[in-house]
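Okay, here's what each chain looks like letter by letter:
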Amino acid sequence: MSVDAATVKKVASLARIAITDDDAERMVPELNNILGWIEQLGEVDTSAAAPMTAVIPNHLRLRDDVVTDGGVRDKVLANAPAAEHGFFGVPKVIE
Amino acid sequence: MADVTDLGVREIRDGVRDGSFSAIEVAEAFTARVAAAKQLNAFIVETPDHALAAAREADRAKAAGEELKPLAGVPIGMKDLFCTKGVQTTAASHMLEGFVPEYESTVSQKLWDAGAGMLGKLNLDQFAMGSSNETSYFGNVLSPWRRNDGGNAPLAPGGSSGGSSSAIAARLCPAATGTDTGGSIRQPAAFTGISGIKPTYGRCSRWGVVAFASSLDQAGPMARDVTDCAIMLEAMAGFDAKDATSLKLDVPHWEKGLNPSLAGKRIGIPREYRVDGMPEEIEALWAQGIEWAKDAGAEIVEVSLPHTKYALPAYYIIAPAEASSNLARYDGVRYGLRDLPEGANLQAMYAATRAAGFGDEVKRRILIGTYVLSAGFYDAYFTQASKVRTLIARDFENAWENCDLLLTPTAPSSAFALGEKSADPLAMYLNDVFTVPSSLAGLPAMSVPGGLDKAGLPLGLQIIGKPLDEQGVLNAGLALEQRAGFVARADQWW
Amino acid sequence: MMTESTYRIQGQTGEWEVVIGLEVHAQVTSNSKLFSGAPTAFGAEPNTQVSLVDAAMPGMLPVPNRECIRQAVRTGMAIDAHINKWSRFDRKNYFYADLPQGYQISQLYHPLVGEGQLEVEVDGNTKTVGVERIHVEQDAGKLMHDQHPTMSYVDLNRSGVALMEIVSRPDMRSPAEAGAYLTKLRSILRYVGSCDGNMDQGSMRADVNVSVRKPGDEFGTRTETKNVNSVRFVMAVVEQEALRQVEVIEGGGTIVQETRLYDPDKNTTRSMRSKEDAQDYRYFPDPDLLPLELDDAFLDECRASLPELPDAKRARYEAAGVTPYNAGVLTAEVETARWFDALLDAGADGKQASNWVASELFGALNRLDKDIAQSPVSPTQAAELLALVADGTLSGSLAKQVFEVMLETGEDPAKIVEDRGLKQTSDTGAIEAVIAEVLAKNPNQLEQYRGGKEALFGFFVGQTMKAMGGKANPGVVNDLLKKALAG
Ligand SMILES: [Mg+2]
Ligand SMILES: [Zn+2]
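Residue numbers (my numbering), protein chains in the order written: chain A, 3 to 97; chain B, 16 to 509; chain C, 95 to 581.
FYI, nobody ran anything at the bench for these hints, they're computed from the structure.
Any given hint could turn out to be false.
Computed footprint of chain C on chain A; a stretch qualifies when at least three of its residues, placed anywhere within it, have a C-beta under 8 Å from a C-beta of chain C [stated by the list, open to error]:
#1 30-43
#2 56-68
Across the chosen pairs, the derived CB separations fall in these ranges [as the list claims (entries may be wrong)]:
#3 A:A50 with C:N321: 42 to 48 Å
#4 A:H61 with B:A503: 52 to 58 Å
#5 B:I315 with A:H61: 34 to 40 Å
#6 C:T348 with B:G292: 43 to 49 Å
#7 C:G296 with B:D64: 32 to 38 Å
Here a beta-carbon is modelled for each residue, glycine too, at the ideal position from N, C-alpha and C.
Here chain A stands alone, though its shape is the one from the complex:
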């Protein structure tokens, strides 16, 4: 599988990273080099293997349903680029 500049731009848009046409062009050989290399995985016969789920055998612990958090609005908003009236502010969204 190899990518072209249009694909790079599409993937960047999916990842919400603005890139220029020049950047996209520049990244094409770089990404194809990496993608070409990782494609050797296709050689491996994985028919007898399940995808790994837990690297070290361990069970998912469930916590009790008690309120132990919240009520920390100042902390939640402390680093916000824009906060007003207890809310985060973002450019107006039209739905």
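Knowing the structure of chain A, use the given hints to seat chains B and C with the ligands on it.
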């Protein structure tokens, strides 16, 4: 009195305890050394007040006749991937420049609870993505080491924990935290002639550590020797209910359990780690390591890890895939950088913010990760890589039937010069060829210095253990350390 | 009885059939969020019910809430669904201001609950609607658009609240079936206690998938109308969207698979601005969480804690003599059924009690504008009242009087009867004396009756009862009157 900055964790701890020197003397000596080492660029933020306050507390406790905490009087460096309450935490990115967490990571909290003080936040590869510390927004970290060719080529301290390795090697701190996703503790340790251990996945809590690739990320200590690593790891490890992948196990007394005899141990030599083009000196060091292990009483067995070759490509699918999702939260809404071009809507703000906030390597990995997860490619890339990961783990399980530990070189070369590999991402990735397989399998692994190459640069040996056998790994590390007698240190030029 | 719906849209080209599937998001009843210890209460000040985990601060990690898993499992059991003992959480990746992590933790590949079904009744016909799956996921935060001229405001109070997404099969064929399905599902959730069903607070909302086809054809292309928050609106969406689709197709157009929004004021649906790549969610297993493995003890506890469900309850009521209609009414809402069960437990007869509840109690509550949980009369008091009727102490009309006093004062019926002397009399001597008086006072009517105008019997009953102040046992009055009139 000797310069206390030449001392390690154990010596400082014991010296404060027995009154050979005060904790404040130690903290002052190290803060001064940190302040005088700006050329190395190992620290993003210096926090002398934190170190001095911890030292004063240690001295107060000592004067009051209280029992001293395990790390009382020991100042350390904190990789700037650990969130520290009230102290800027950046992951070496522009994205988080100025971000001051309202919380303390579990691991750093455990260290403060153990009495340690913080000298500062250590530089790293941006979001821990890199093997040379050239991707930091806050500039390259320089290794204190230089080649003995008379040139002054600045060398890479390894990565991503390059600030940690450089600072320890330069005696700016006796120990530091690191994190290891595919070798980020072990490779920089090897490059700078120090020790570092990545414990079993789940030993150290990931809570409060800026995530790179969640299924791989593990914190661990870096220090000048194996004993100091054992002491530090004891303080850092332990169950944390706030991390669903944390292992609910008691923390062993690794320091007490240290034993350099390898009698009765079988040490496996994986044949697939003999890669083409590996420098002869690395081959020679490996052979030397085998001899040392034998000398310590180990039986040497050849083993096979047939899928080794596929570990790196699998890693470069899984880690970027997880990273592409983990880094989605950096969107300019709740914290960190916001780039809001005139008239931009929400989605345009995201794109502008992320374009401005992430460096090239981070973007590259996010794009790869996004691509391999996207519709139509998921099975071919991500599912296949996850299956290969299972096979790699199975290789190790099979090996454990014939041996207790594995011995390999840590990295395929000694430290390279800054800029030497940064133009070719793939060449940079290949640096982790020996460290990545054990990361994919979640195994404990450590690097200890073995000797110097012809250029006078350190080389490391890696020991890989069974799940939860940090003790076995540390013991083998100690056996090698004692036989290597590594005392070389970088001349101070900064 | 199973029958196919005959709901059809008459187009210019003939009849069209509507195909409907519902994805219902139901908020799981829990104190704290799915992956954090922050509270879930409705209506709090903005961003006060938010932990650093919910705000997706760097390095924060999710830890799942057992109760949320338990409630989803119990819900699955209540619709006879397959419970997957091995499931796992996936990340659904997309960027939006109400989604702090940049992904929603959900379940795609291995949901907690698999295939199940529930039975709905429409116009007396029973129909089975398949449920494909129930998975557990996080809710998003909330965006506010009209507080500021150039900004939207973000409130993360709901961010991370546990939801069950209950996905039906495309088995419904009319607005009525969709409405009945949603109503029934809501009823079951409330019986189980896994969701409070408050649709106006957003505790339940439906994504309505609609397509149309010529009867017997393949499924057509569907649209999904998001976040519809009442049964009535769901039915309206089905109706409007099906009509719109028929019009588009018959006008030579094609239906695009898209997301739509319902505007209740205009009663129309409209397309949401389509986002090119918004559909590529890049699902993959959440590496912060291990697989969720449930053991038998956990499942046994879930099963043992399930209450009697509406269908079983209804069958039991019918077996106790309750009419099918009343049984349906009494089981529709869990509070009603609980009240009625308490009434039965206090010894009331099923048939008598159900009639009384359906007419007297509901009538009174309606008048007082109260729901059954606020009834001034307790089930024990009601049972006592019904017992007084059954043993002949009170006539029907006396019972009504006593009930009115009970509603006003909250006193026990026996005390009211005692204090106010409202006891019914079966004293034959007293009644015979009154009858004799009545006959003597109405010679004309007596003559007409004896002359064959038997319809006047009711007149004599009324006169006798009136003279007895309503307290005579109507059965005894009937018997004695018949004898006296016969002469
Ligand atoms: Mg939906
Ligand atoms: Zn959903």
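Next item on the list: Provide an ascending list of the numbers of those earlier hints which the structure does not satisfy.
Entry: Of the numbered hints given earlier, those the structure breaks are 1, 4, 6 and 7, listed in rising order.
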